[in-house]
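Work the whole structure out from these sequences, hints included.
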Amino acid sequence: MSFRERLLAWRYNLVPDHAIGEILSKRWTDNAIPFLALVITVAGFGSAIPGFFKLYSLQESTRQLGELSLVVIGVTVVMLGGGIDLAVGSIFALSAFAAVSVFFIFELPTWLALAAALATGFLFGAINGYLIGFMRLRAFITTLVTLIIGRAGYDILVVNFGSRVQMSMASSDLWDFIGDGTLWGMSVPVLTALILAIVSHVALTRSRPGWHVQAVGGSRRSAHNAGIRVRQTVFLTYVFSGLCSGAAGFLFATRLSGAGPGTGHGLEILALTAAVVGGNSLGGGRGSVAKGLMGAVIVLVMTNGLIRLGYGTGTNQMVLGMLLAVAVTVDIRWLKNRHKVLNEVYVAPVYLKMGEPLSAVPGSGTPYELNNRLSVADHIGLGELEGPEDVILDRDDHLYCGTRHGEIVRFFAPDYTRSEVFAHVGGFPLGLAFDRDQNLISCVGAMGLYKITPEREVIRLSAETRRSLTSIQDDARLRDPNDLDIAPDGKIYFTDSTKRYDAHDWAVDSIENRGTGRLLVYDPADGSTRTLLDGYRYTNGVCMAHDNKSLFFAESWRCRIHRYWLEGPKAGTAECVIKDMPGYTDNINRASDGTYWMAWLGMRTPSFDLSLRHPAMRKRMTRRLPQDDWLFPNINTGGVVKFDENYNIIQTMGDLSGLSHPMVTSMREHKGHLFIGGILNNRIGRFRIEGANPAWDANDAYWGKRS
Amino acid sequence: MAAKVFGDLRNFNQERIVLVVTLLIFATSSIFLPGFVAADNLVAIVRSVSVLGILALGMSLVIIGRGIDLSMVAVMAMSVALYLQLLNGGQSEGIALALALGFVLAIGLLNGFLVAYADVPAIFVTLASGSFVFGYVRSQLIDTDAVTVPAGHWLLGLGGLRIAEVPIEVYIFAVLSVVVFLFLRFTKWGRYIFFAGDNPAAARNTGIPVRPMLVLRYVLSALTAFAAGLLTAASLQSINTRVVNSNLLYDIVLVAVIGGIGLSGGKGGVRNVLVGAALIGIMLNAMTILDIPLIYQNLIKSTILLFAIIVDGLINPRDEQTAQQGDI
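Chains as they are written, first to last, in our numbering: chain A, 2 to 708; chain B, 67 to 394.
Don't read these hints as lab results, they were simulated from the structure.
Hints may be right or wrong, so weigh each one.
Partial chain A-side listing against chain B, Cβ under 7 Å, derived [to be verified]:
1) D156
2) Q318
3) A326
In this text, all values refer to a predicted model and were calculated from it rather than measured experimentally.
We put the beta carbon where it would ideally sit given N, CA and C, even for glycine.
Structure, rendered in structure tokens:
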């Protein structure tokens with residue numbers, strides 16, 4: 002290996018490029034920009050304003066922050082549900098007036114003032130919710146109008162009763178404490194906002210109503226079609242927002258002990274800007290309470306800071322307008338282009354130098370020499386099937402295979418001309434195996450490990466394993482369960498080919514070539530799933546050795562077969578037993594003569610092998626070219642290989658015509674015939690094996706003769 | 067049978083309802099309010115809604131194209147304030163007018179660009195730009211809330227101009243109405259506005275230049291706002307920037323929506339603006355004659371606006387299956 006190539010290998014195999022894409026695909030990265038803005042704002046104004054960080058100054062300025070935060074939390078929830086609430090400005094003012102009038106004019110206790118403020122908020126929220134949720138009016142214009150109505154009503158009230166409030170002598174310690182006092186160094190509004198923030202965060206992310214809100218905001222139509230009561234959910238978001246504004250209004254009333262003509266004026270724009278600047282999406286579905294709070298701090302520090310720095314009338318509006326425009330534009334553009342950015346950076350190829358293979362060229366005289374023998378196979382289900390990745394036969398000689406449409410199809414013996422859908426599982430059923438009780442176990446691509454009973458009941462066995470400690474993306478989920486086999490004790494050994502890509506993107510995984518394939522075991526005794534091995538380049542076929550003391554598994558993109566020991570001195574370890582094959586290894590199954598069949602899903606090419614040594618080229622390729630122009634592994638030619646316990650290659654068969662079985666992903670020997678499947682094929686092949694035991698049934702070999 | 071009744075009900079659309087209501091209020095007021103039908107009062111009614119009507123014409127262009135322009139009042143007040151400030155500062159007429167017009171065009175273009183090319187919802191763009199325009203001009207360019215028209219300026223002459231006892235702004239409103247009517251009805255781009263408002267995606271697929279036209283509409287509404295601002299300054303001899311904080315903006319939306327221009331775009335026209343303006347003008351005048359205080363007038367107006375929106379929602383209901391995601 003040249004020095005240059007060694008540097009390349011270090012650069013691409015040790016630097017975790019893939020982390021960028023994985024981090025970007027996390028939803029919390031949305032918070033990065035607002036958080037940065039928050040830090041800059043606070044640091045900037047904090048250093049420009051003398052005494053900004055003094056405790057008393059913080060306590061006083063955070064009172065207003067607590068009130069604004071309450072309002073913003075309400076607006077955030079409404080926005081998450083796909084709406085918008087501008088009426089908060091006048092709800093806030095009216096609630097403040099309700100509290101003030103109850104306390105000062107009617108001279109009633111403080112808790113009644115709170116009740117009055119909350120009731121006002123509830124009433125207005127309910128009106129908005131009814132109009133927008135149930136009557137389905139447009140949220141923006143409707144709340145704009147209720148804002149004006151509320152404002153007009155408030156102006157009338159203040160003109161008529163404002164003086165009576167000022168002349169009142171009512172007072173109460175509780176009232177003064179809420180307005181002036183601190184608890185554990187924090188003012189009451191801040192405490193209230195914190196508690197409400199935590200409660201609503203938990204409710205939004207961990208409770209059914211919260212999920213409904215997010216679902217409605219994320220896709221109103223889908224939520225409706227899924228049976229969520231969309232209108233009621235929307236209604237409730239406005240009620241919640243009204244209550245939040247009501248509480249904020251009450252706190253405002255205790256702080257100022259009055260309600261003047263300007264109360265709550267422009268609060269709606271302040272709250273809306275805060276919610277959007279924090280990164281909550283317009284139109285719903287994306288956002289969080291934390292974002293709202295960040296936005297509230299940014300907006301309030303900025304507007305108050307400008308006032309304290311002595312800028313004149315209008316500066317606030319100018320800054321708010323700019324903030325709002327920039328935040329909304331960034332939000333919309335980010336939302337639109339995020340997946341493009343992600344696509345651009347997600348594929349992070351690594352370096353690999355493949356070993357020199359023995360040639361498979363016809364006439365080369367090696368054991369891998371390809372021939373045309375598979376081209377004479379009979380076809381089953383020609384044109385009816387799409388994607389029989391694996392095939393299997395039961396004790397009654399019926400033939401089963403999965404299809405691209407998420408079904409398991411059964412062909413009836415003896416001639417396999419009639420078929421039926423045996424079960425609909427969903428996903429893409431790949432590997433198949435029968436257990437002792439004739440349950441069909443399947444690795445379902447994109448879903449997990451499933452069991453289909455003879456009564457056709459579909460049962461999920463496993464969809465996750467333990468998450469690994471260093472994972473960025475949650476790798477507990479099985480993304481691409483591929484093949485399985487079952488030990489005599491009932492444990493199911495199966496592979497999950499890649500953590501980085503969904504099942505249908507397996508070809509992209511080959512270009513990245515990063516080792517993220519796993520071997521796992523499912524224990525039916527306690528229903529647990531454990532990861533046995535990790536870090537292989539696309540683990541694929543699994544097959545129990547004939548003595549059941551070890552198993553073979555294939556590592557496709559390295560063209561290798563490994564043996565994993567279940568018993569004996571090497572128990573729990575794996576060793577590579579066949580390496581540098583000329584084809585990409587796929588499913589492995591037992592043969593009747595004590596050897597093993599293995600499928601090649603495609604053949605290596607010098608060009609793709611070379612590209613594996615040039616990760617930078619593959620990276621450029623995935624970023625600059627359309628997918629149709631990418632260099633992929635060759636899957637137009639495959640084959641079947643037979644090897645024995647000592648890893649000698651006994652036989653190789655192919656279809657050079659490319660007509661019947663260009664790509665082979667599975668083969669299953671049954672009573673003297675070999676049944677051949679291919680994930681991109683439109684048929685199952687049946688091939689008569691010369692000299693094979695015509696009575697051999699894999700079910701007997703695994704589980705003994707039928708009793 | 068039910069379908070037929072329902073069909074008839076639909077036929078009885080908002081514009082006709084409003085027209086009937088307007089006539090009823092007019093008749094009632096004529097009978098019960100002293101001096102309501104006097105010629106000078108009628109002229110006062112029309113005059114009082116002229117500026118509002120002109121603004122509503124600009125707004126209706128935007129709304130028909132499925133947008134909304136909440137920055138109109140800010141543009142109206144602040145552009146004229148800027149213009150007058152420049153004049154008071156000794157700039158020549160030509161330069162001041164050019165700068166003010168340039169400012170108006172810039173705001174219109176910015177609005178249009180963000181809506182059309184950055185795909186930002188119009189309400190947020192114009193809400194933000196309105197706030198920015200007010201804040202920027204108020205804090206950076208002018209010193210006081212109100213800016214007066216310099217003595218001897220042509221605006222003063224315009225403000226006092228009357229033809230056959232009717233103030234000039236009524237004529238300007240009439241002329242602009244006709245121009246907008248002709249534009250919407252008889253020019254290709256006018257018709258395109260309806261197509262783009264009705265179904266933007268389909269309009270784009272048929273090859274209509276949807277995005278440049280969107281920009282054009284926001285420029286037109288900004289220019290209309292500037293014109294309305296000049297007229298306001300002409301009749302009041304000054305422009306008070308506090309008008310931005312008033313309910314004028316909502317009155318504009320009120321005139322457009324109550325006249326029957328659907329907020330979902332694609333329908334309406336100058337006639338709807340006229341009907342809406344008539345109703346508002348008569349109502350305001352009647353309330354003034356009845357000596358109802360301004361704050362109560364606001365309450366009444368906004369309540370009427372709410373009902374207009376509810377009726378709009380009932381006549382043009384949104385469909386759960388076809389409603390646009392994020393269409394707020």
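Now the hints, each set against the structure:
Nearest Cβ of chain B to the Cβ of A:D156: about 5 Å, under the 7 Å cut. The hint holds. With its C-beta approaching chain B no nearer than about 3 Å, A:Q318 sits inside the 7 Å limit, and its interface hint holds. A least Cβ separation of about 4 Å between A:A326 and chain B falls short of the 7 Å threshold, and the interface hint therefore holds.
In terms of the numbered hints stated before, the structure departs from none.
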